[in-house]
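Participant: Chains as they are written, first to last, in our numbering: chain A, 401 to 695; chain B, 10 to 448.
One thing to keep in mind: the hints can contain errors.
Partial selection, computed: residues in chain B whose CB lies under 7 Å from chain A [said to hold, decoys possible]:
1) Q261
2) A335
3) G338
4) M339
5) G340
6) A341
7) S342
8) Q345
Bear in mind the hints are in silico, worked out from the structure with no lab data behind them. Keep in mind the model is a prediction, meaning the values are calculated, not measured. Beta carbons are placed, not taken as given, at the ideal position from N, Cα and C, and that holds for glycine.
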Amino acid sequence: MNTIDPAIDQPGMGEVGVEAPVSINHTATVRRDQRETVGNITVPDPRMVCRNVNVHYGEKHAIKHVSLDIGSNEVVAMIGPSGCGKSTFLRCLNRMNDTIDGCRVSGEIRLEGQDIYDKKMDVVLLRAQVGMVFQKPNPFPKSIFENVAYGPRIHGLITNRSEAEEVVETSLRRAGLWDEVKERLDQPGTGLSGGQQQRLCIARTIAVGPEVILMDEPCSALDPIATAKVEELIDELRENFTIAIVTHSMQQAARVSQRTAYFHLGDLIEVGETDHIFTAPRHQLTEDYITGRFG
Amino acid sequence: MNKSTEHAGQPPTGPRRTMDIVQARLARRYAAEKRFKLVGLGAIVLGLIFLTLLFVSIVSKGYPAFQQTYVQLDIHFDAERLDPGGTRDPKVLAKGDFGGIVKASLRAMFPDVSGRREKRELYGLISSGAAYQLRDMLLADPKLLGTTQKIWVPADDDVDMLIKGHMDRKAAEADRRLKDSQLGLIERLEEEGRIQKRFNTTFFTAGDSREPELAGIWGATMGSLFTLAVTLMLSFPIGVATAVYLEEFAPQNKWTDTIEVNINNLAAVPSIVFGLLGLAVFINFFGLPRSAPLVGGLVLTLMTLPTIIIAGRAALKSVPPSIREAALGMGASKMQMVTHHVLPLAMPGMLTGTIIGMAQALGETAPLLMIGMVAFIVDIPHSALDPSTVLPVQIYLWADSPERAFVERTSAAIMVLLAFLILMNAVAVVLRKKFERRW
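So that you can see chain A by itself, here it is in the shape it has in the complex (with noise of 0.2 Å):
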């Protein structure tokens, strides 16, 4: 026994992550200077904590030593070219990636200064602290009134119809819906145009009262002027919660995000304010990508 156990305290010891030490020799040496994000990781009161996130799937290593803060009241961007892993990231802050099978996360997320993959953390009360609005508009194929009343109804935030009907009104709306469909609440939300779907989806994201909202992509599938309407939500749901955004528009990342993160092949580049993202980009990747010499 007394052999073995400074054995078992020697490696890893300097190590922060849950990440086994072999990986990390194997690609320090080729990644070192990558990993190292330029840019000021961290916020004064940051809402959600990242550190030393690591992703895979399989075999795949899809994040690698994240780190980032998300604050209170701002909207932070997420650009990258495909497959740079900020789908994937976004993911990791509601535990959407637990559905994927052979997906593994590791390191520290926390939400309010509580690890979200702790085991006592239930998911169910983290999604509903965190919501997230997908890429491809998904409402539930019921009524609008439905899809909106569904989040509140399941959590058991209203318990009468008075109540759903306050609550839909609401957060219809908050995202700017409510007028154009407050004469059709019982007709299918599929039935919505594409941007007006999305606003359904945002509505009956903000319905159950989240402190975080996640948004993959949320006008890759829509037009400029739904793109423009979401992006004037987006500006406005600032004031009470705190967006994560995922785009591959670096336009849309400008206009509505007050933070940028640059993502490429799983490392996180560079973090900053997006004016200084945007006019005066520290690391060479990130240059070349928003000046569109590649991705």
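Dock chain B against the given chain A, drawing on the hints supplied.
Facilitator: Only chain B this time, still in chain A's reference frame:
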């Protein structure tokens, strides 16, 4: 003109040549398309022709069974014979000699018939069911006792066949089932207007019988109904639960792969094997009653489950993953996701699979032979534990019977089975439409 000469003089350039090549092949491409359409149309027409042939043959053979020849008799409800003690007690009345009064009435109508053989031939014209009919009449209305009534009673099946034209009156006496003397008697009855074809209610209300004119389909229909009810009540919930578990909850590993392969294999197992299994397990091991719809339903459940599970899984797979993500993203638990969103959307597909399985079960004969549902059962079953048979087995039994009158009853039974099937499918279509309307 100018243009064409211009082109003719030019060497073939790139785009021009492409057009020429395309044009040259265009006719052939359209011809191929036309041929393909024609072949498809031909296949459908051929199928329709065979379907029509089948229906025409079944209906033309079967529809006479919906009519039955009746003979009008002057029946005297003789108090001496039926109620010698004068008690008017239903129990005594039920035991009365009703066959005797039928014979007496026949003798009264044909006083010239004498001799044992001739009398037996005369009595043979009337179905043995006439006595039961009279008994039921008297029990329902005891006031008839002592009166004389004109009553239509079923004729014997041979008379029925003769009246329906299935027997050649001119054939030699040895070649037909009715004697010359009987033909004479029938002709006399016809002249008096005492023979009539009427709607055959017996066929729809009675159980099986050795006498074709007394045989009915109702016993087998009830048997099928009970069997299918048991099958549906077991296979639908179990099948749906299995499909949901395998598709939504089970981890993807070697065990689930093995289970999946085995379910697919079970769907291809010959049905008689399930019958043997049912015999060994349900009857011999668990001691459940033989010939009971309960056991039939259990066996058919085993047979139907793979179909329902496979169809159910396909239906669940076809539900877009975005709906699952939406529900989970809202903070729904997995169970809520399945019951609130996925299952309602998969329900039409699941119902389709279920109805295919049930239709299969309705037409299944072989496994039921193994568990004794092929027995000759006259009584109409009143529960899933009463011995009974089912429609396809009844068809098989009748098709096997030598009497000419059973031929048309076989076809008529097939018509009833088809009607049952169409009814079931109609219900399924309505249900599916109802679920689909929920967008």
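Participant: Q261 of chain B was flagged as interface toward chain A. Is the shortest Cβ-Cβ separation under 7 Å?
Facilitator: Given a least distance of 6 Å, the restraint on Q261 of chain B holds.
Participant: Just to be careful: measuring from the Cβ of A335 of chain B to every Cβ in chain A, is the smallest value less than 7 Å?
Facilitator: Hint holds; A335 of chain B Cβ to chain A Cβ min 4 Å, cut 7 Å.
Participant: Under 7 Å is the threshold here; is the Cβ of M339 of chain B close enough to any Cβ of chain A for the hint to stand?
Facilitator: Holds - the Cβ of M339 of chain B comes within 7 Å of chain A, reaching about 4 Å at its closest.
Participant: May I ask you to test the interface hint for S342 of chain B with respect to chain A, counting a Cβ-Cβ separation under 7 Å as satisfied?
Facilitator: Since the shortest Cβ distance to chain A is 5 Å, the answer is holds.
Participant: For the restraint on G340 of chain B, tell me whether the closest CB of chain A is nearer than 7 Å.
Facilitator: holds (4 Å)
Participant: Let's test the interface hint: is any C-beta of chain A closer than 7 Å to that of A341 of chain B?
Facilitator: Holds - the Cβ of A341 of chain B comes within 7 Å of chain A, reaching about 6 Å at its closest.
Participant: Would the hint on Q345 of chain B be counted as holding, given a Cβ-Cβ threshold of 7 Å to chain A?
Facilitator: This interface hint holds because 6 Å falls under the 7 Å limit.
Participant: Please verify that hint: G338 of chain B, Cβ, nearest Cβ of chain A, below 7 Å or not.
Facilitator: With a minimum Cβ separation of about 4 Å from chain A (threshold 7 Å), the hint on G338 of chain B holds.
Every hint from the earlier list agrees with this structure, and none is contradicted.
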